[in-house]
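Trainee: Given next are the chains, with one letter for each unit.
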Amino acid sequence: KAGVTQTPRYLIKTRGQQVTLSCSPISGHRSVSWYQQTPGQGLQFLFEYFSETQRNKGNFPGRFSGRQFSNSRSEMNVSTLELGDSALYLCASSIPTGSYEQYFGPGTRLTVT
Amino acid sequence: AQSVSQHNHHVILSEAASLELGCNYSYGGTVNLFWYVQYPGQHLQLLLKYFSGDPLVKGIKGFEAEFIKSKFSFNLRKPSVQWSDTAEYFCAVSTSGGSYIPTFGRGTSLIVHP
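In the order they appear, the protein sequences are chains A and B.
Note that our numbering gives residue 100 to position 100 of the first sequence, counting from 1, and the numbers run on in steps of one.
Add 1000 to the 1-based position in the second sequence for our numbering, that's all there is to it.
Quick caveat, the hints were computed from the structure, so don't treat them as lab data.
Honestly, I wouldn't trust all of these hints.
Claimed, not checked - Example chain B residues on the side facing chain A (calculated, C-beta under 10 Å, incomplete):
| hint | residue |
| --- | --- |
| 1 | Y1025 |
| 2 | G1041 |
| 3 | F1090 |
As the structure is a computational prediction, the values presented were derived from the model and not from experiment.
Just so it is clear, CB atoms sit at the ideal spot from N, CA and C, and this is done for glycine as well.
Could you put together the complete structure from these sequences and hints?
Mentor: Spelled out as structure tokens, the structure:
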């Protein structure tokens, strides 16, 4: 089975711009979660989508949004970028039953200048 | 909301040394516990997990972890580390019956010198 894929792998944006990141989950996985990873902060949960609906949301401002398509692919959007948004954005897919084990993609490295 | 504490932020060991990374969580209910590893330049991958049963769980690459409910801990151990174990290690906890979204610790950076 192919793993979780994320595109693009690297992005450089300037403050004030917006960005869209994409995630394709493992085939058959209907839950997709997004995390922000920064040094010293670990992984901060952004949101989770299941069957095209946002089911859980972390404590991030409204500039961070997402969506999921009928094929379970998900996108994450950040508007009005700030320097502090520089981070590795990870996508994880899972079959949300039982233990809720997650499978992570390689991440998108976003640098805001 | 639950929280996860990883007490060691940076650990430096020589090859063949023993490893123990601490992980404590704050939640009184039933939990699922995970250790993930992120090797340099690679994606986060599951090292081992605990759901129920034997509190001593074994994972890949010789790692094991022990769930001690009374101490709210899930420490990761390896008797003899190798240079290839150099990586970032994350402890994560999800709650059964809750939102099931795992909460991650801040991570421990392990450097193993050959």
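Trainee: Hint by hint, note whether the structure agrees.
Mentor: Structure-based check of each hint:
Against a cut-off of 10 Å between C-beta atoms, the interface hint on Y1025/B is violated, since the closest Cβ of chain A lies about 13 Å away. The interface hint given for G1041/B is met, as the beta carbon of that residue sits about 9 Å from the closest beta carbon of chain A, less than 10 Å. At its closest, the beta carbon of F1090/B sits 6 Å from a beta carbon of chain A; the interface hint therefore holds under the 10 Å criterion.
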